[in-house]
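Chains as they are written, first to last, in our numbering: chain A, 314 to 662; chain B, 1358 to 1671.
Hint data in this document are derived by calculation from the structure and do not stem from the laboratory.
Be aware that one or more of the hints could be misleading.
Here are the computed lysine to any residue pairs in the SDA-like style, where the Cα-Cα straight-line distance is at most 20 Å [to be verified]:
#1 A/Lys555 - B/Gly1588
#2 A/Lys482 - B/Ala1650
#3 A/Lys482 - B/Ala1631
#4 A/Lys555 - A/Lys482
So, partial list: chain A residues that the calculated Cβ filter (under 10 Å) puts toward chain B [claimed, not checked]:
#5 Gln418
#6 Gly591
#7 Asp625
#8 Ile633
Now the in silico label distances, taken between C-beta atoms and shown as ranges [unchecked claim]:
#9 B/Gly1548 - A/Arg629: 48 to 54 Å
#10 A/Leu369 - B/Phe1582: 29 to 35 Å
#11 A/Gly336 - B/Pro1475: 50 to 56 Å
#12 A/Leu608 - B/Leu1516: 23 to 29 Å
#13 A/Leu445 - B/Pro1492: 52 to 58 Å
#14 B/Gln1547 - A/Glu545: 25 to 31 Å
#15 B/Thr1446 - A/Leu354: 31 to 37 Å
#16 B/His1542 - A/Gly632: 36 to 42 Å
Glycine included, C-beta positions come from ideal geometry on N, C-alpha and C.
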Amino acid sequence: MRFERREHRSIALVIATPLIAIGAALALAGVLTAVAGAPVLEAYWLILKSAFGSRLSATETLTRATPLILTGLAAAVAFRARLWNIGAEGQLYLGAITVAWASSQFLGDLPGLVQIPLLLLLGALAGMTLLLVPLWMRLRFTVDEVVTTLLLNFVAVLLVSMLIDTVLKDPMAFGWPQSQPVADAAMLPKLLARSRLHLGLGIAVVLAIVLAFVQSRTVFGMQSRAAGLNPEGAVFAGVPLKGTLVIVACISGGLAGLAGAVEVMGVQGYVTTELSPGFGYSGIVVAMLANLNPLGVVLAALFTATMFVGADGMSRSLGIPSYIADVIVALSLLTMLVAVFFTQYRIRR
Amino acid sequence: MSAAFDIIASAGLWAAVLRIATPLILGTLGALLCERAGVLNLGIEGIMTFGAMIGWLTVYNGADLWIGFLVAAVAGGLFGLLHSLLTVTLGLSQHVSGLGVTLFASSFSYYVFRLAVPVAGTPPTITPFQPIAIPGLSDLPFFGPAFFSQTTPTYLAILLALVLAYVIFRTPLGLAIRMTGENPHAAEAQGINPMVVRYGAVIIGSALMGMAGAFLTLAAFNSFFPTMVQGRGWICIALVVFASWRPVRALLGGLLFAFFDGFQLRLQTVLGGAVPYQLFLMIPYILSIVALALMARRARVPQALMQPYRRGER
């Protein structure tokens, strides 16, 4: 058995790939649900119902998708240039704590119209900074950024844990380690009354559209793809490799930092170490499911959020551990990898 | 300063160092074996989590401790098989496949654990491995309690480092593994099947990672809880570079690392309150990053690491 590269990929196949992958992941996870003694179809029906069955649940799913779009974009932009940023989780936390710090300590009195953009910028800058360190180590010492970004996730969460336990601790939180809240003026406007859905979703979708344009229609987009596909060839063709990677890192880290900022300013209002249930890691899956396409990221984030929100509801009715959502999401990454492979190769005996 | 000296002079520290080092040594050896054959295995964090869970669950259901250890190794091997299918047969990106394996293995662990053990106030426990005093040597002052009263898996891990060093550098099998990691085409010209070598190395390496995880629940602690691996897998990946892909240096690296970890744990109790404990907890991760920066340039990376091998394709 050998694999042969396909000369031509039909558009229909490329679009069908993530659907096939998700179908396969759901089928595999269905086996696990069945083993746990639950009716599989009912379980999936309950997931859908819990994620979209009411106004409340639908807005909740969209709220959950918001940071996933941003971390998904962060991964997609970086992976396109073969910059393996696995540190979105840490960058998210650093963005979040920077926002809480700035708003509670010295920007709190500014009106929202000034304060909000300023805070978003600071959050993005914080995420950026945390990714520039591993990039510098890669360029200076040839250290694989996968490991350094992963390790920095732990450092970042510990740093946040330390700050909300000491200098940024909220004295009104009955001893719980949580940061002082951001000012009321810093909270993002709601998109819908009586819901948690906030402007962050709009910001995330607009950024996805902007990135789609940048990736496909600008010189920088072309250079970053070239840097990923063939670094040596790119240099030969006159692409400034280091400069391109630095910009990619700024965008990627910035998006992840923004995810944290938006989550604090849109939903929580303060930071705890439970702010993110792995948004950074799920962002990797989101990016891969979208085949690194920024617009696809929005849809993939919606799917992932549906699984997480839906599984919570399903878990309450059927007693299946809600970890099934994590299993489905992880499996869909693996099935997507295989599915993409078979759009590029065919089996030849 | 004298506080630091007191800590270093206590036998308790050194006993803890060996205990902390064991999962790092096993995990690093596993990752090293995979990489020597040319496959980066970022599944390690998830495989360790699964090994910790399944080893514990096996013993919790009444099996012998060693059976638990074995089940964890076999489960690790199965995840290795999955990683091989993706990266060796299909030649997919080793980075992304490995992360996929980690995400799947860890979420699958939590799912199985929650299914088997419903939420309880205190996590259920097992009776873990007890320290075995080596006759004669364990009676030595200081050295006895420090180095010769460990659990059997710790002795096993040290022995495995030496065995692996022998296999890799002194046997035809080791030569085949190294050739496959350096230049699979040359290996094939010598009649070696690089695919088979890579499959074997990744499966055995992943089995070691499963054992590394099982040590956490069967010897270091006595219960399982989610996120207990705490990035130890990633630290092992860093230690492989620090050890320049050499098993004996992996052993020493694991010990050195565990020394700093054990030292900071004890320093925490001495300085408790004055310095936030999170600063101490950061030390292992920061040390790994520093170690990478120091060694990455000097280390000789297996030349075909992360390069998929397809017959007849260059």
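List of violated hint numbers, smallest to largest: Violated: hints 1, 2, 4, 5, 7, 9, 11, 12 and 16.
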